[in-house]
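Peer 1: As a plain string of letters, each chain reads:
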Amino acid sequence: MYTLNIAIVIPFIVALFIPLLYKKFGRVHTGWFVLAVPVALFIYLAQFIPSIARGEVYFSEVPWIPSLGINFAAYLDGLSLILALLITGVGSLVVLYSIYYLSKERESLGHFYVYLLMFMGAMLGVVLSDNLMVLYLFWELTSISSFLLIAYWYHRRQSRYGAQKSMLITVTGGIGMLAGFIMLSTMTGTNSIREIIATIGQYTDHTLFIPAMLLVLLGAFTKSAQFPFHIWLPDAMEAPTPVSAYLHSATMVKAGIYLVARFTPVFGGDAVWFWVVSIVGLVTLFWGSFTAIRQTDLKALLAYSTISQLGLIMSLLGLGSAALYFDEATEATAYYSLAIFTALFHLINHSTFKGALFMVVGIVDHETGTRDIRKLGGLMTIMPITFTLAVIGSFAMAGLPPFNGFLSKEMFFTSTLRASELSFFSMETWGLMFPVVAWVASVLTFVYCMILVFKTFFGNYQPEKLEKKAHEAPLGMLIPPVILASLVVAFFFFPNIIGEYLIQPGYGAILPTFMEANLPDYDIAPWHGINTELLMTLGVVGFGIVLYRLWPSWSGIYALFPAKFSLDSLYNHTLMSVERRSTSLTNRYMTGNMYHYMVYIFIVIIVVVTGAIAYTGAFRFDPSNDAPISIYEAFIAVVMALTAIAIPFAKSRLTAILLNGVLGYLLALFFVFFRAPDLALTQLVVETVSASLFLLCFYFLPEWEKEKRKRKIKGINAIIALSVGTLVTMLALSVQSNRLFDSISAFYENAYELAGAQNIVNAILGDFRAFDTMLEVVVLLIAGIGVYVLIKLKANKGGRDVENK
Amino acid sequence: METMMSVLVGILVTVATYLILSKSLLRVILGTAIMSHAVHLLIMIMGGFSRDSSAPLLGEEAASYTDALPQALILTAIVISFGVTSFFLVLAYRTYKELKTDDLTKLRGHDNDE
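Just so you know, the sequences run in chain order A and B. Here UniProt numbering is used: position 261 in the first sequence is 261, and no number is missing along the way. Here UniProt numbering is used: position 75 in the second sequence is 75, and no number is missing along the way.
With the rest of the complex left out, here is chain B:
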């Protein structure tokens, strides 16, 4: 299970990296979104996986619970990446509106900026 998930994380990271390296701003943002999926999944599998343990709810009265700490970390991470992604999106929207392009090779600052 863990091995399979590790490979899955690798695939997600590959796709995300490829998108981040592209020319269009949209693809880059999509790439960062996928990258955060991959990272959340990675944190999850680092916490370990066991079929016998139950969800971290004490009411279950189970013998063992899954590790709650990575879950708390991921929850925080999800919310933060959501905030950042939404800000990114609006930034891209403004960029396109003002500059009429989303081609990153053209977004290189003004010539007289130096």
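For reference, chain A alone in the conformation it holds in the complex:
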């Protein structure tokens, strides 16, 4: 009954045992043990296809923190199933590929497969979670495991840079997303996505609705490498190629797509959502394809093409959300929902051909030692199978028949054309932009696909530039891309099988009302007759060939975008300047000079306390209750004040010590006036002992020198000192004038009855509040030990080394 939850946890459990297997069975490639996990999960998930296609959903919940509404809730519907099958299916192939790609002898396989399984489990958790907080948990786990995988070759500087960059960007987005989730949760009072979808209608006017939407989108855009957050993806190509194929083409970057699709029923139909998602998608689509052309590294080219294709899917999701603008599900409103259907179709297609392409590039890299287009060429006859796979993948990506990319690209054109017919969201003015951008980006896509195939496999073979002698890859390495490439072709010829069994239920999960109304039943067909879309595709091919032919003559256009002004340099610059500035700021106020810290402390005290007094109007001066001053007291007070003032001006240390002693004795006299015999006694004794201590120590200390400071600093010190003194006086006066209630001391006058003592002060010290006294004794003890140790211990050079005795 909890099988779904268990399925999510299984990769984590197996990951626990990987180091053991790696150590114990070192002779077998660890990947073989790992392979069983995604295969088993794929078979398990595939069983759900027929029932999900009938419209059933599966839900199971394990309580985790019920008091906070956080439960490990697994939910399987059409959308989750598509992603879960991609994760486990492509996962199986990637693990198989990695067995041949990563050397058993040279690589630390234990680490690799632990990270990979962790990622797989986290990714399954993302797509199968119904609880917002659990979804976030798995979301961050994918960020962390992807961080670990990118930096797998951690001795390379570029790997660490790429890992840090992707971590910073995706985690920033993730935290934004968490904030959005919390807003959603406070708005609707539940953490369950299904319940939020059911009740969101009441909250569309809520003040948190738009912020929550934008924050969730921030998370999705950073994860899915949408403009301008796409910059981490090309740098993540420092990861081993199986990782790039898995994480950065088929799964992790689809997490953002999944999130947008999942939240389309929540936010869809809103103009902000429609515009933000569509525009960001289109910009990413264009920018990714435009930048991919200039790349000379095959993996970087594929990275930008991934960005571009993700932008395509994202824009489709944005366009499709227009269907939710209407409250009713009718033929007319469902007309726009083709975009959603296309997005899911292209999502699957992209995973197949991009996975295959990454594996192809990995093979080229593995067998020639380089991925640089300028060094490669003429590999067609040397690596015929790899070449075939590359052609299939690239042509599918370019949108040519007979490959699945053709179908989704045609549908993409149809969707953008339909979107331009919208009569709301001010689409009358802007609608035409969509098909135009789509078409231009498709031309560029065609160009880089051709570069990928022709620059690598045609032309002259240049063995002198290659590190290895090129040869065909081993069979095991070819099997996974062959499977993916066959799917690419199979989807073209039998698109309606996945259309009916996978995409239709997924579509239903995003637009449930249309599904219930059985609207519309999309049929994918390669041939629609001669229509606008076909003409657009022909135009793409025609212009693409022309541009490819003339590529050297227009490559100068990229000089308009120098590296200095790129988003990467903006990122680097921001990171560096933030670090530099915070360092210089810290160095400026953390001077290491105690004087400065004391000045800060005193100024804060002055400002805060004066501010509080002024703000509350607490200052009072009411001398009416004062006791009269006798001549003795006045005389002693004046002497005491003069003594104190004289200390800073004292010429020798002896004078200063003696003046301090005078202060102490005068204080004792005041204690007499205040009728405190015990205090007077103690003060006399303590002052005598202190004075002798001072004298004793000062004997060893340097001569009392005149304060050598600049006049200005002295002035500042005097001002601070005066302000502190005035403040204390003000406080003392205000407190005396604001007596709110009587003292509790009347109770202590029962000292004789309660404690058998006639001296009240001693009764308090020894009986009523004896804890204070006990701890005060401890303080003295510790001080005594400290003094003893300081004098005796000589752990320094020259002296006896007590520490190491």
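Treat the hints as calculated values from the structure; they're not laboratory data. Careful, some of the hints might be misleading.
[To be verified] Quick list of in silico lysine-lysine cross-link-like pairs, DSS-like style, CA-CA up to 27 angstroms:
id	chain 1	residue 1	chain 2	residue 2
1	A	LYS651	B	LYS106
2	A	LYS710	B	LYS100
3	B	LYS23	B	LYS106
[What the hints assert, rightly or not] So the derived list for chain B, only partly shown, Cβ under 8 angstroms to chain A, looks like this:
id	residue
4	GLU2
5	HIS40
6	LEU41
7	GLY59
8	ILE74
9	VAL79
10	THR105
Using N, Cα and C, we set each Cβ at its ideal position, and we do this for glycine too.
Following the hints, complete the assembly by docking chain B onto the known chain A.
Peer 2: Just chain B, lined up with the frame of chain A:
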């Protein structure tokens, strides 16, 4: 009386603060000693002052006694500040012996401490 004592406390605090802000370690320690005098006096006057009341000794059989609680608090405070001051003094002594300076602007840790 209380007003005059408050002003006296203010003067003591001013002098103590000024000494704490100086460069020499000795002056800082002296400043803390004066600061504790000021605080003890402050606690004392907060307890109030009355010419009619007698010392807090029950044998006096007086009509009213001065507040005994602040006296007990000050007694504790005197002993603690004495302990701390003596520790401080010895610390200054050791510092000077090891580092040959009592100039606080020079006592800034080692350059390789960071």
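Peer 1: Now look at each hint and say whether the structure bears it out.
Peer 2: Here's how the hints hold up against the structure:
no., hint, verdict
1, A:LYS651 <-> B:LYS106, "holds, 23 angstroms"
2, A:LYS710 <-> B:LYS100, "holds, 23 angstroms"
3, B:LYS23 <-> B:LYS106, "holds, 9 angstroms"
4, GLU2, "holds, 5 angstroms"
5, HIS40, "holds, 7 angstroms"
6, LEU41, "holds, 6 angstroms"
7, GLY59, "holds, 5 angstroms"
8, ILE74, "holds, 6 angstroms"
9, VAL79, "holds, 5 angstroms"
10, THR105, "holds, 6 angstroms"
The structure shown violates none of the earlier numbered hints.
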